[in-house]
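**Student:** Residue numbers (our numbering), protein chains in the order written: chain A, 320 to 617; chain B, 320 to 617.
These are computed hints drawn from the structure, not numbers from a lab.
The model shown is predicted, which means the values in this text are computed figures rather than measured ones.
Careful, some of the hints might be misleading.
[Said to hold, decoys possible] Dumping the calculated DSSO-like pairs for lysine-lysine here, alpha-carbon to alpha-carbon at most 30 Å: (1) B:Lys613 <-> A:Lys341; (2) B:Lys557 <-> A:Lys613; (3) A:Lys613 <-> B:Lys447; (4) A:Lys534 <-> B:Lys613; (5) B:Lys613 <-> A:Lys336; (6) A:Lys613 <-> B:Lys437; (7) B:Lys353 <-> A:Lys353; (8) A:Lys348 <-> B:Lys613; (9) A:Lys613 <-> B:Lys336; (10) B:Lys613 <-> A:Lys557; (11) A:Lys353 <-> B:Lys613; (12) B:Lys471 <-> A:Lys613; (13) A:Lys437 <-> A:Lys470; (14) B:Lys432 <-> B:Lys341; (15) B:Lys473 <-> A:Lys613; (16) B:Lys341 <-> A:Lys568; (17) B:Lys613 <-> A:Lys447; (18) B:Lys568 <-> A:Lys568; (19) B:Lys341 <-> A:Lys613; (20) A:Lys557 <-> B:Lys568.
There are 2 protein chains.
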Amino acid sequence: MGRIIECIPNFSEGRDKEKVEKIVDVFRKAEGVKLLDYSSDADHNRTVVTVVGNPEQLEAAIIDMAERVYELIDMSTHEGGHPRMGALDVVPFVPIDGVTMDECVEIANRVGKTIGEKFNIPVYLYEKAATAVHRENLATVRKGQYEGFFKKIKEDNWAPDYGPCEVNVKGGCVAVAARQPLVAFNVNLGTDRVEIADAIAKTVRHLGGGLRFVKAMGVKLEDRNIAQVSMNLVNYEKTAVYRAFEMVKMEANRYGVSVIGSEVIGLVPMAALINSAEYYLQIENFSMDQILEKRISE
Amino acid sequence: MGRIIECIPNFSEGRDKEKVEKIVDVFRKAEGVKLLDYSSDADHNRTVVTVVGNPEQLEAAIIDMAERVYELIDMSTHEGGHPRMGALDVVPFVPIDGVTMDECVEIANRVGKTIGEKFNIPVYLYEKAATAVHRENLATVRKGQYEGFFKKIKEDNWAPDYGPCEVNVKGGCVAVAARQPLVAFNVNLGTDRVEIADAIAKTVRHLGGGLRFVKAMGVKLEDRNIAQVSMNLVNYEKTAVYRAFEMVKMEANRYGVSVIGSEVIGLVPMAALINSAEYYLQIENFSMDQILEKRISE
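So here's chain A without its partners, still in its complex pose:
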């Protein structure tokens, strides 16, 4: 595949289809990048884009998209159910193939610097690109949201990494990251009692003393009348999918509840599932170079 990075920019427009298309069009027209997916949510008034490409051309396309976003979106009148801190809200870069995390950190820095200077937007680096421990977690960085940043930006700990130390009224602020691919993996329980899913989630997730790279919560699937442990695996290389799955199963046993299924939401790196196959099939000395499709695309 060559050198490939994924970027999942989120911008604060999910209702005006014409504006969304104008922004997404940047990726359709860009050389060396590929638009894999985008979905707008009207309640959230937000669009999530998934795009891949070689580092250089993807970086250029993200800047072009930012320019379009700051032209079209006005945060001073924005409403929506999802937390957000700017017109361009988050820009995480994810290494996929032939690229290191360090290179993604460099790209996050270059993109952050350019957005700060060119568009006069305060930029916060998070996850692997964070410049301090308290800035690693996106939820912490974004806390207070657009409206709160006019005050937060003046606090000792919250000066931006790039750009002015003044919120851009129209464009807000932006969070730029380098991070591992995220696997959205949910486990369905043979019960309708959401409090059981909740209790399991609390033991499995990092916050509750569980697995280092698991975020989890219990949710109710109303249409199927079952409870679900909904997880984000934020580093599938270190906290494998099968490990999270088996731990949910183990905890469910405590309540005499069975695991009736699971689901993978959206895109997943091949290695995240191949790794689970290796575990269950007890495959010794497997190399990803044995995957036919990987060899073909090299």
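Got chain A sorted already, so can you dock chain B onto it with the hints?
**Tutor:** The following block gives chain B in isolation, referenced to the frame of chain A:
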């Protein structure tokens, strides 16, 4: 990936490196095809090549390779430990992406016809391309080998599908097929008793009343002093890897023997392992389009 076919031609030269390179070079120089692997065995005096490409250009490259093979290899003086019926021994075409089995059957027919007419070689179609049930199995087709074909070709049931009804003394005959990808999957047992591996193999394989698309035998791994159930899964879509694995485990229980590991030999289609991950993780409604790398390479 576009339209992709794999071909695994085997030719009867594994000692003369210069000749092997001259033949393999055809694929290095061909447009639209990619040489994934080749390995020569001196004892077998045979080389196995793995090459992929789009149907049209791969087909052309195979004919070019055949021309080189018939120039360089003389079967009338060939010796080697592996069964063989010709200078170019077998040419199986395998659908990988965006190509149907029927199209591979058509290609096998066109290639067979061309080899028959252009190089004056008797051609036998086998597996999915076979023109009669008794010709499906390669071992049955090849029985008698090069030396035996001078007589076999005159038998009622063994007239070639293409080419002359007379063995080419220098080039021999050739077997051309369309078939599913083959997965070479071995399960290691916690015992050194090869007769247990053999007994398990007999129950798991099709021949012994076991799984439809499993070929299996017991072997001894001398260096590790353990027994192994060595399998070829000839249709992983219909007989899944996990099913063969679990069946070996179940039969091993009978002898109080544990499964200590497994191995995948050579290349394996991504779907063969993803499918096992889906089974063990109980993933509902998974689509291969959710695999990031698949989406990127499309």
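**Student:** All hints are to be evaluated individually against the structure, with a verdict given for each.
**Tutor:** Here is how each hint holds up against the structure:
| no. | hint | in the structure |
| --- | --- | --- |
| 1 | B:Lys613 <-> A:Lys341 | holds (27 Å) |
| 2 | B:Lys557 <-> A:Lys613 | holds (23 Å) |
| 3 | A:Lys613 <-> B:Lys447 | holds (26 Å) |
| 4 | A:Lys534 <-> B:Lys613 | holds (26 Å) |
| 5 | B:Lys613 <-> A:Lys336 | holds (28 Å) |
| 6 | A:Lys613 <-> B:Lys437 | violated (36 Å) |
| 7 | B:Lys353 <-> A:Lys353 | holds (24 Å) |
| 8 | A:Lys348 <-> B:Lys613 | holds (21 Å) |
| 9 | A:Lys613 <-> B:Lys336 | holds (28 Å) |
| 10 | B:Lys613 <-> A:Lys557 | holds (23 Å) |
| 11 | A:Lys353 <-> B:Lys613 | holds (13 Å) |
| 12 | B:Lys471 <-> A:Lys613 | violated (42 Å) |
| 13 | A:Lys437 <-> A:Lys470 | holds (23 Å) |
| 14 | B:Lys432 <-> B:Lys341 | holds (24 Å) |
| 15 | B:Lys473 <-> A:Lys613 | violated (46 Å) |
| 16 | B:Lys341 <-> A:Lys568 | violated (57 Å) |
| 17 | B:Lys613 <-> A:Lys447 | holds (26 Å) |
| 18 | B:Lys568 <-> A:Lys568 | holds (22 Å) |
| 19 | B:Lys341 <-> A:Lys613 | holds (27 Å) |
| 20 | A:Lys557 <-> B:Lys568 | holds (28 Å) |
Hint check: violations occur at hints 6, 12, 15 and 16; the rest are consistent with the structure.
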